[in-house]
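Undergrad: Here is what each chain is made of, one letter per residue.
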Amino acid sequence: MLKIENLCVAYGYVEALKGITLNVEEGKIVTLIGANGAGKSTTLKAIVGLAKAKSGSITYQGKNLLQEETKNMVRNGITLVPEGRRVFSNLSVLENLKIGAFYRKDTKKIEEDLEWIYELFPKLKERTWQQAGTLSGGEQQMLAVGRALMSRPKLLMMDEPSLGLAPLIVKEIFNIIKEIHKQGVTILLIEQNANAALKIADEAYVLETGTITIKGTGSELLKDDEIKKAYLGESHG
Amino acid sequence: MSFSLFMQHLTNGISLGSLYALIAIGYTMVYGILRLINFAHGEIFMMSLYFAFYGVAIFAMPWYVSFIVTVIITCMLGMLVERAAYKTLRDSPRITVMVSAIGASFFLQNLAVVLFGGRPKAFPTVQIFTDVIKIGTVSLQRLTLIIPVATIMLLYSLLYLVNKTKTGMAMRAVSKDHETARLMGVDVNRTITITFGIGSILAAFGGIMWGMKFPQIQPFMGVMPGLKCFIAAVIGGVGNIYGAVIGGFILGIGEIMLVAMLPQLTGYRDAFAFVLLIVILLLKPTGIMGEKISEKV
Numbered sequence: 001m002l003k004i005e006n007l008c009v010a011y012g013y014v015e016a017l018k019g020i021t022l023n024v025e026e027g028k029i030v031t032l033i034g035a036n037g038a039g040k041s042t043t044l045k046a047i048v049g050l051a052k053a054k055s056g057s058i059t060y061q062g063k064n065l066l067q068e069e070t071k072n073m074v075r076n077g078i079t080l081v082p083e084g085r086r087v088f089s090n091l092s093v094l095e096n097l098k099i100g101a102f103y104r105k106d107t108k109k110i111e112e113d114l115e116w117i118y119e120l121f122p123k124l125k126e127r128t129w130q131q132a133g134t135l136s137g138g139e140q141q142m143l144a145v146g147r148a149l150m151s152r153p154k155l156l157m158m159d160e161p162s163l164g165l166a167p168l169i170v171k172e173i174f175n176i177i178k179e180i181h182k183q184g185v186t187i188l189l190i191e192q193n194a195n196a197a198l199k200i201a202d203e204a205y206v207l208e209t210g211t212i213t214i215k216g217t218g219s220e221l222l223k224d225d226e227i228k229k230a231y232l233g234e235s236h237g
Numbered sequence: 001m002s003f004s005l006f007m008q009h010l011t012n013g014i015s016l017g018s019l020y021a022l023i024a025i026g027y028t029m030v031y032g033i034l035r036l037i038n039f040a041h042g043e044i045f046m047m048s049l050y051f052a053f054y055g056v057a058i059f060a061m062p063w064y065v066s067f068i069v070t071v072i073i074t075c076m077l078g079m080l081v082e083r084a085a086y087k088t089l090r091d092s093p094r095i096t097v098m099v100s101a102i103g104a105s106f107f108l109q110n111l112a113v114v115l116f117g118g119r120p121k122a123f124p125t126v127q128i129f130t131d132v133i134k135i136g137t138v139s140l141q142r143l144t145l146i147i148p149v150a151t152i153m154l155l156y157s158l159l160y161l162v163n164k165t166k167t168g169m170a171m172r173a174v175s176k177d178h179e180t181a182r183l184m185g186v187d188v189n190r191t192i193t194i195t196f197g198i199g200s201i202l203a204a205f206g207g208i209m210w211g212m213k214f215p216q217i218q219p220f221m222g223v224m225p226g227l228k229c230f231i232a233a234v235i236g237g238v239g240n241i242y243g244a245v246i247g248g249f250i251l252g253i254g255e256i257m258l259v260a261m262l263p264q265l266t267g268y269r270d271a272f273a274f275v276l277l278i279v280i281l282l283l284k285p286t287g288i289m290g291e292k293i294s295e296k297v
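Residue numbers (full-length UniProt numbering), protein chains in the order written: chain A, 1 to 237; chain B, 1 to 297.
Excised from the complex, chain A in its bound form:
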């Protein structure tokens, strides 16, 4: 579905990605884990056109994404839940959800999807008219996910959805990711919480200072000693 080949991205003289190759198959949950500054967010930004690629290619369903404008990504079915949630704090919860469906013209389906989101996140329904800035961190994350789902994505990309959230809410978020995946949405997930991410992932990549060092299935990587040591916070023996 999404193919990244030898992608290099640089900010000025700083190389953030040094030629990564990554493949997201349709219907899978793929996760990209790594430490701060490894280039995880840059990868997602490059996919949606917010960071310019220096070389390499990104293709999505056979289409060259490097030529696409960011605003057209949702039309192609690619939606990003940005790092730090980035809900529109000055808009109501309902408006935030509606802006997720901004490009869509099928008013009736939008209403149905709105109901679906409210079922998925009952808390958001209670707060329909509240300004998004007044929500708690967890609620804002749910709103950010809900907003993204309102675009009816085929590929949903999430940048650290668990960042700064209480463990209980992290659990809830991951359950929802599984739920979304069950509905047929392909997911590319970026996480520092490697443990939680690997548990739900079909495929996993480890990114270290701009290079992919390890790849495998989620369960393989969970057992990998090096990963245990570096990312899962478990010591040998």
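These aren't lab readings, by the way, just hints derived from the structure by calculation.
Being a predicted model, the structure only gives us computed values, none of them experimental.
Heads up, some of the hints might be wrong.
[Unchecked claim] A short list of chain A residues far from chain B (calculated; beta carbon distances all over 10 angstroms):
id : residue
1  : CYS8
2  : GLU15
3  : LYS28
4  : MET73
5  : THR128
6  : GLN130
7  : ILE173
[What the hints assert, rightly or not] Under the rule of at most 27 angstroms between Cα atoms (straight-line distance), these lysine-lysine pairs were calculated in the DSS-like manner:
id : chain 1 : residue 1 : chain 2 : residue 2
8  : B       : LYS164    : A       : LYS52
9  : B       : LYS213    : A       : LYS123
10 : A       : LYS182    : A       : LYS98
11 : A       : LYS63     : A       : LYS123
12 : A       : LYS108    : A       : LYS154
13 : B       : LYS176    : A       : LYS98
14 : A       : LYS178    : A       : LYS123
15 : A       : LYS98     : B       : LYS284
16 : B       : LYS87     : A       : LYS125
17 : B       : LYS213    : B       : LYS134
18 : A       : LYS123    : B       : LYS134
19 : A       : LYS108    : B       : LYS166
20 : B       : LYS176    : A       : LYS125
21 : A       : LYS54     : A       : LYS105
22 : B       : LYS176    : B       : LYS164
23 : A       : LYS123    : A       : LYS154
24 : B       : LYS164    : A       : LYS108
25 : A       : LYS18     : A       : LYS63
26 : A       : LYS125    : A       : LYS63
27 : B       : LYS134    : A       : LYS105
28 : A       : LYS105    : B       : LYS176
29 : B       : LYS164    : A       : LYS125
30 : A       : LYS52     : B       : LYS134
31 : B       : LYS166    : A       : LYS109
32 : A       : LYS229    : A       : LYS171
33 : A       : LYS98     : B       : LYS134
34 : A       : LYS228    : A       : LYS125
35 : A       : LYS109    : B       : LYS134
36 : A       : LYS54     : B       : LYS87
37 : B       : LYS166    : A       : LYS154
38 : A       : LYS28     : A       : LYS63
39 : A       : LYS105    : B       : LYS213
40 : A       : LYS123    : B       : LYS176
The C-beta atom is built at its ideal place from N, Cα and C for all residues, glycine as well.
Use these hints to put chain B onto chain A, whose structure you have.
TA: Relative to the frame of chain A, chain B by itself:
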């Protein structure tokens, strides 16, 4: 001061305040969406007066046709200025864009001198607006009442547009976060252009009414109202539409009342706005309705 005289000054102040409010909204909306002071806004206002003048005096259009055409052309001019002077610098540092804004302002002033000549022209007045009517013992131009009513109607339409329509939602979203708005499929450039268009439409309405109230036009007439309305926007809290309206009224009423109460200060009429600006910046730098700027993680 007698009651009727006071009322006369007050209505005058309200109508001047209405005009300030209409122009101030243009500043505040553009600031809200681009974090940029559109220094050319006063010149767009000035241009609108010339468009209306040429429509009536040269092309002999009936006043209402001329005014409609004026609003449309001014709207296009505003969008053109955005395309030419700001859009090309979208990713440049803010100071660059500011210099470009000042440049656009000077350019339009001098363009007006070249095109329309530097000599002041008499703005065509429309009898039904300038007739003097008497309400009780207060006598005033009909215009003095029409201006606030027209302003309220325009404000109502604007607030409807901003708060209830999809375009308005996009404008508010873009004003918060360009990148995320883009991710949601919002055409950010188009939204910015629309914002300039709307600000210019309001400036055109303000300009036409200004012209009938003070019927003399010249190429540099946009400077002082432009500065004052910018101040009005700052007083109200720049970026906030309600704030711009409040700031406009405070400035308009304050200015008229100052001159009415203390005629010896007439010469300092224009200084009033700047004194008020200094006071506000000292007491409440974010303005009356200004949002607290807080950094969030």
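Undergrad: When the hints from earlier in the document are held up against this structure, which numbers fail?
TA: 4, 8, 9, 11, 15, 16, 18, 21, 26, 27, 30, 33, 34, 35, 39
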